[in-house]
Amino acid sequence: MKDQAANVLAALGGVANIIEIEPCTTGLRSEVRDPSLVDVPALRAAGAHGVMISGHVVQVVVGPSVDTLATDLEELM
Amino acid sequence: MRHPVLKHMRVRDYLRSLVTHELAVGDAIPSERLLCERFGVSRMTVRQAVDALVVDGLLERVQGRGTFVAPTKMDLEVRLSSFGEEMRRRGMEPSSRVLVAEEVPASPEIADVLELLPGELVFYLDRVRYADGETMAVEQTWLPSRLAPGLFEGGAPDSIYGELRRRGLDPDWGEDTVSATEVDAQDAELLGVPTGRAVLRLTRRTFAGEIACTYSRSSYRADRYVLWVPLRAPRRVLTPREDAERMSDDGAQTETPRVGDEGRAMKTSGSGHS
Numbered sequence: 001m002k003d004q005a006a007n008v009l010a011a012l013g014g015v016a017n018i019i020e021i022e023p024c025t026t027g028l029r030s031e032v033r034d035p036s037l038v039d040v041p042a043l044r045a046a047g048a049h050g051v052m053i054s055g056h057v058v059q060v061v062v063g064p065s066v067d068t069l070a071t072d073l074e075e076l077m
Numbered sequence: 001m002r003h004p005v006l007k008h009m010r011v012r013d014y015l016r017s018l019v020t021h022e023l024a025v026g027d028a029i030p031s032e033r034l035l036c037e038r039f040g041v042s043r044m045t046v047r048q049a050v051d052a053l054v055v056d057g058l059l060e061r062v063q064g065r066g067t068f069v070a071p072t073k074m075d076l077e078v079r080l081s082s083f084g085e086e087m088r089r090r091g092m093e094p095s096s097r098v099l100v101a102e103e104v105p106a107s108p109e110i111a112d113v114l115e116l117l118p119g120e121l122v123f124y125l126d127r128v129r130y131a132d133g134e135t136m137a138v139e140q141t142w143l144p145s146r147l148a149p150g151l152f153e154g155g156a157p158d159s160i161y162g163e164l165r166r167r168g169l170d171p172d173w174g175e176d177t178v179s180a181t182e183v184d185a186q187d188a189e190l191l192g193v194p195t196g197r198a199v200l201r202l203t204r205r206t207f208a209g210e211i212a213c214t215y216s217r218s219s220y221r222a223d224r225y226v227l228w229v230p231l232r233a234p235r236r237v238l239t240p241r242e243d244a245e246r247m248s249d250d251g252a253q254t255e256t257p258r259v260g261d262e263g264r265a266m267k268t269s270g271s272g273h274s
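In order, the protein sequences belong to chains A and B. Residue numbering for the first sequence is 1 to 77, as defined by my numbering. Residue numbering for the second sequence is 1 to 274, as defined by my numbering.
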């Protein structure tokens, strides 16, 4: 599980690329500084069921496990 | 200029209270002539009042027959239950007409949303959905064949969720996207509404744990449904810790105020939620 958080964070371009991450019901809504650093295949490989990028906002669909993921992410950030 | 406005509103309020307290669905409202006499207003004023209530969905005009109390719309809460379950919960009897039930190779798009390889087999089901015999929606559903081998043996099943549960897969989460569009000629015919009427287009993916179970696209009659969405304040946002450190020893330092500043602004507003 911790691995998943680390992989997601890396695929979002690392902590330095994160402005904020908002845990939602079935996914993460994150705002990044540079969307070009976001690695969609890596997010999918980390267990994302969908990735939508719109401007600086990246939505990552992960399902109800988002709660644990968010807790792990908080530790890493 | 004040008077006509007031008159129009008086007629409208009168009709609104008739609909709420005295008339039943399908009842005709009093004729224009009667309303003109009762309120001492012109036909124009009466029509204006009726128009407003038609737009609100309280009344419906039937060509050549008159104006009637419109059927109440169903509140459609987007949640993970099947069409049949939703209708039964409302005391209505669901039924379906199956247009297509076949096993086909997944197109690249379907493969992507169901997390398959293109060409893997999927079950495809195209149905018209009814509640108490009235058309409600048209729905196309795809699901991976390997999740439910032999699904169509003995005909298309009544409930896909039911069949999945029988096989130990209980869809427990998913996502919907909803948009409003005008119904195309084909769906209009299936739904029995004029072409160009408004429909709610729902696309849905469901999952059982990490397994993508179904993908569906439906068109719901907008005259039968309102979408009901429960709300909740956003959860506390996560922000990089180093941001906070930078902010505390920021002082009057000469850091270029670019995207970083935006980040701090977000953080401040975000932490207010907790």
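Rather than coming from a laboratory, the hints here were simulated on the basis of the structure. On a predicted model such as this, the values are computed, not experimentally measured, just so you know. All residues carry an ideal CB built from backbone N, CA and C; glycine is no exception. Among these hints, one or two may not hold up.
[Said to hold, decoys possible] Rough simulated footprint, nothing fancy, chain B against chain A, three-plus residues with beta-carbon under 8 Å:
| id | segment |
| --- | --- |
| 1 | 2 to 13 |
| 2 | 35 to 41 |
| 3 | 45 to 57 |
[Unchecked claim] Now the in silico label distances, taken between C-beta atoms and shown as ranges:
| id | chain 1 | residue 1 | chain 2 | residue 2 | range |
| --- | --- | --- | --- | --- | --- |
| 4 | A | Ala10 | B | Val25 | 39 to 45 Å |
| 5 | B | Val54 | A | Val40 | 46 to 52 Å |
| 6 | B | Gly66 | A | Ile53 | 50 to 56 Å |
| 7 | A | Glu75 | B | Glu120 | 34 to 40 Å |
| 8 | B | Gly209 | A | Val15 | 27 to 33 Å |
| 9 | B | Val54 | A | Ser36 | 23 to 29 Å |
| 10 | B | Val54 | A | His56 | 42 to 48 Å |
| 11 | A | Ala6 | B | Arg235 | 20 to 26 Å |
| 12 | B | Glu60 | A | Ala45 | 37 to 43 Å |
[Said to hold, decoys possible] Over the 10 Å line for every Cβ pair with chain A, so calculated as not near, a few chain B residues:
| id | residue |
| --- | --- |
| 13 | Ala28 |
| 14 | Arg205 |
| 15 | Pro234 |
These are the hints, each one checked on the structure:
Counting residues of the segment 2 to 13 of chain A whose C-beta lies closer than 8 Å to any C-beta of chain B gives 0; at least three are required, and the coverage claim is violated. Given as covered by chain B, the segment 35 to 41 of chain A fails the check, having 0 residues with a CB less than 8 Å from a CB of that chain where 3 are the minimum. Counting residues of the segment 45 to 57 of chain A whose C-beta sits closer than 8 Å to any C-beta of chain B gives 3, which meets the bar of three, so the coverage hint holds. Between Ala10 of chain A and Val25 of chain B the beta carbon distance is about 58 Å. The supplied range of 39 to 45 Å is therefore violated.
Distance hint for Val54 of chain B and Val40 of chain A: a CB-CB separation of about 47 Å, consistent with the stated range 46 to 52 Å. Between Gly66 of chain B and Ile53 of chain A the CB atoms are about 52 Å apart, so this pair conforms to the stated range of 50 to 56 Å. For Glu75 of chain A and Glu120 of chain B, the hinted distance range of 34 to 40 Å is satisfied, since their beta carbons lie about 38 Å from each other. Gly209 of chain B and Val15 of chain A have their C-beta atoms about 29 Å apart, which keeps the hinted 27 to 33 Å range intact.
Between Val54 of chain B and Ser36 of chain A the beta carbons are some 50 Å apart, a value that contradicts the proposed interval 23 to 29 Å. At roughly 43 Å, the beta-carbon separation of Val54 of chain B and His56 of chain A lies within the given 42 to 48 Å, and the hint holds. Range check, Ala6 of chain A to Arg235 of chain B: about 21 Å between beta-carbon atoms, so the 20 to 26 Å window is met. Our hint of 37 to 43 Å for Glu60 of chain B and Ala45 of chain A is violated, since their Cβ atoms are close to 52 Å apart.
Listed as outside the interface, Ala28 of chain B is consistent with that label: its C-beta sits roughly 45 Å from the nearest C-beta of chain A, beyond the 10 Å cut-off. Distance to chain A contradicts Arg205 of chain B as a non-interface residue, since its nearest Cβ pair spans about 8 Å, not more than 10 Å. Not every Cβ of chain A is farther than 10 Å from the Cβ of Pro234 of chain B; the closest lies at roughly 6 Å, contradicting the non-interface assignment.
Hints 1, 2, 4, 9, 12, 14 and 15 from the list above are not met by this structure, while the remaining hints are.
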